[in-house]
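Peer 1: Put together the whole structure using the sequences plus the hints.
This is what each chain is made of:
Protein chains: 2
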Amino acid sequence: MKIVKTISRMQSLSDEARRQGRPIGFVPTMGALHDGHRALIRTCRRENKLCVTSIFVNPLQFGPDEDFARYPRPEKKDVLLAKKEKVDIIFYPSVKEMVPTGFLTTIDVTTITAGLCGRFRPGHFRGVTTVVGKLLNIVQPHRLYLGQKDAQQCAVIRQMIRDMAFPVHVRIIPTVRESDGLALSSRNKYLSREQRREAVWLYRSLQAARRYIGQGHRQSREVKRFMRRLLRENTKGRVEYIACVDPKTMQAVTHIQKGTLIAMAVQIGPARLIDNIIVRS
Amino acid sequence: MKIVKTISRMQSLSDEARRQGRPIGFVPTMGALHDGHRALIRTCRRENKLCVTSIFVNPLQFGPDEDFARYPRPEKKDVLLAKKEKVDIIFYPSVKEMVPTGFLTTIDVTTITAGLCGRFRPGHFRGVTTVVGKLLNIVQPHRLYLGQKDAQQCAVIRQMIRDMAFPVHVRIIPTVRESDGLALSSRNKYLSREQRREAVWLYRSLQAARRYIGQGHRQSREVKRFMRRLLRENTKGRVEYIACVDPKTMQAVTHIQKGTLIAMAVQIGPARLIDNIIVRS
Numbered sequence: 346m347k348i349v350k351t352i353s354r355m356q357s358l359s360d361e362a363r364r365q366g367r368p369i370g371f372v373p374t375m376g377a378l379h380d381g382h383r384a385l386i387r388t389c390r391r392e393n394k395l396c397v398t399s400i401f402v403n404p405l406q407f408g409p410d411e412d413f414a415r416y417p418r419p420e421k422k423d424v425l426l427a428k429k430e431k432v433d434i435i436f437y438p439s440v441k442e443m444v445p446t447g448f449l450t451t452i453d454v455t456t457i458t459a460g461l462c463g464r465f466r467p468g469h470f471r472g473v474t475t476v477v478g479k480l481l482n483i484v485q486p487h488r489l490y491l492g493q494k495d496a497q498q499c500a501v502i503r504q505m506i507r508d509m510a511f512p513v514h515v516r517i518i519p520t521v522r523e524s525d526g527l528a529l530s531s532r533n534k535y536l537s538r539e540q541r542r543e544a545v546w547l548y549r550s551l552q553a554a555r556r557y558i559g560q561g562h563r564q565s566r567e568v569k570r571f572m573r574r575l576l577r578e579n580t581k582g583r584v585e586y587i588a589c590v591d592p593k594t595m596q597a598v599t600h601i602q603k604g605t606l607i608a609m610a611v612q613i614g615p616a617r618l619i620d621n622i623i624v625r626s
Numbered sequence: 346m347k348i349v350k351t352i353s354r355m356q357s358l359s360d361e362a363r364r365q366g367r368p369i370g371f372v373p374t375m376g377a378l379h380d381g382h383r384a385l386i387r388t389c390r391r392e393n394k395l396c397v398t399s400i401f402v403n404p405l406q407f408g409p410d411e412d413f414a415r416y417p418r419p420e421k422k423d424v425l426l427a428k429k430e431k432v433d434i435i436f437y438p439s440v441k442e443m444v445p446t447g448f449l450t451t452i453d454v455t456t457i458t459a460g461l462c463g464r465f466r467p468g469h470f471r472g473v474t475t476v477v478g479k480l481l482n483i484v485q486p487h488r489l490y491l492g493q494k495d496a497q498q499c500a501v502i503r504q505m506i507r508d509m510a511f512p513v514h515v516r517i518i519p520t521v522r523e524s525d526g527l528a529l530s531s532r533n534k535y536l537s538r539e540q541r542r543e544a545v546w547l548y549r550s551l552q553a554a555r556r557y558i559g560q561g562h563r564q565s566r567e568v569k570r571f572m573r574r575l576l577r578e579n580t581k582g583r584v585e586y587i588a589c590v591d592p593k594t595m596q597a598v599t600h601i602q603k604g605t606l607i608a609m610a611v612q613i614g615p616a617r618l619i620d621n622i623i624v625r626s
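Residue numbers (our numbering), protein chains in the order written: chain E, 346 to 626; chain D, 346 to 626.
Don't read these hints as lab results, they were simulated from the structure. It is possible that part of the hints are untrue.
For identical chains, the list gives no copy identity; a pair is met inside one copy or between any two copies.
Derived DSS-like pairs (lysine-lysine); straight-line CA-CA distance at most 30 Å [as the list claims (entries may be wrong)]:
| # | residue 1 | residue 2 |
| --- | --- | --- |
| 1 | 593 | 603 |
| 2 | 431 | 421 |
| 3 | 431 | 593 |
| 4 | 603 | 534 |
The structure presented is a predicted model; accordingly, all values stated were derived computationally and were not measured.
Peer 2: Quick look at the structure:
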């Protein structure tokens, strides 16, 4: 496994692979790798000749009051996990390499970024699209692997790729969960034992919503109220949003249908947690 | 020569050339090709195995009161010229192909775009960078050819390419001029015979400024005043701006040095004309 720190070296390795006709798969991460990342990497490995993972805690996607400084950075553990999963290349640039002094460019996607997480994290998606766009130019992958847990991020990146004609195919991989249902996230580390017990109620409320919808309650307002009540009764968390939206446009729907995305963000103690499901019928 | 209308076809031709290790050169244009474009194409041909020219009158880079509708589109003549110059591929997409309904993404470069043309054409450079970024993803060139006449555009695109790590080398080609010095431009077609006579004063005032600077007048304010007087005395044109700037950052300098860019925009009748020189000593 190669650990590549510079853009120029990564680009020449990608050039070489492309010249040899070896399909490149790419898993962008912020490190603190867990089984969710592992699922992305395994699919990437299976579907490509060259499997590239980037580890970059992207300062542009954190707000000034967010957790950039304390975001976990377990370098050695990450490298070991990647090696064990037979990643071919870790692209591991410094902040200076990716966002040097005098950096003046941004990529923006409108509309899709306005609601949900975008409403509570102004500038977040601009940071995501700017850096993911740059990573695509550096790694030049044939396939990009993203986790369904970040549903809005998936929609935003897909839109950017379509609009800007990045020559890459996007693959969305299902959310990986703990045995009790909590979606894996690097931010779960922030939780105390009690908060960890409460955190499972994100997924429980989503599952309960699915059953509730199955019983014929298809008004978004009603379903959201139902979920809020469950969270209020079972956690001390602060609900940032619960949204019933079209999974491509992220526009709210009043009536829930097959394919509707139900997404949520809840602050539990020091951790801002997100989760979502797609309504199946 | 191939004429390619779709993004997917262009991308597969570029993929093929890259797999074969054939260097791709790219000349983006808005058509109405003239000897300025010809100079770009000839250098591109000489330096690459595959020479790609795009013809796309980019609606995103025109303001609502600008000349998008009347911009010349001599399709047959353009195709003939390209053929004669041995262009391998003309990428000739429709507006719908490049900017379909539901297009939501922009690329922005700050600071460099604020002054000069950016001040008088709000949104212009956002339109340029968004579409040039997209064209780079489609054509995937090794080398990009731009004309020095659009000095600010060159600086903005260079900055975008550096910031976003587009894997392409930028080549800037000197401005091509009529025998009397007028910089070639598709917009020269808008000029009446009298306006055409006046238009030469853009370059004459730049040359006069060069001599004036050579005589020791190095204060930007003094040189700009000198140029304005020449233009006022010899044309009925309206000076939009005359600027003495650093050619990379487009930031104004008070004292003119070797390498300073003197750039100007003048409205002469229906034509907004631009020109510039770099101070040589």
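Peer 1: Checking against the hints above, which ones are violated?
Peer 2: 3, 4
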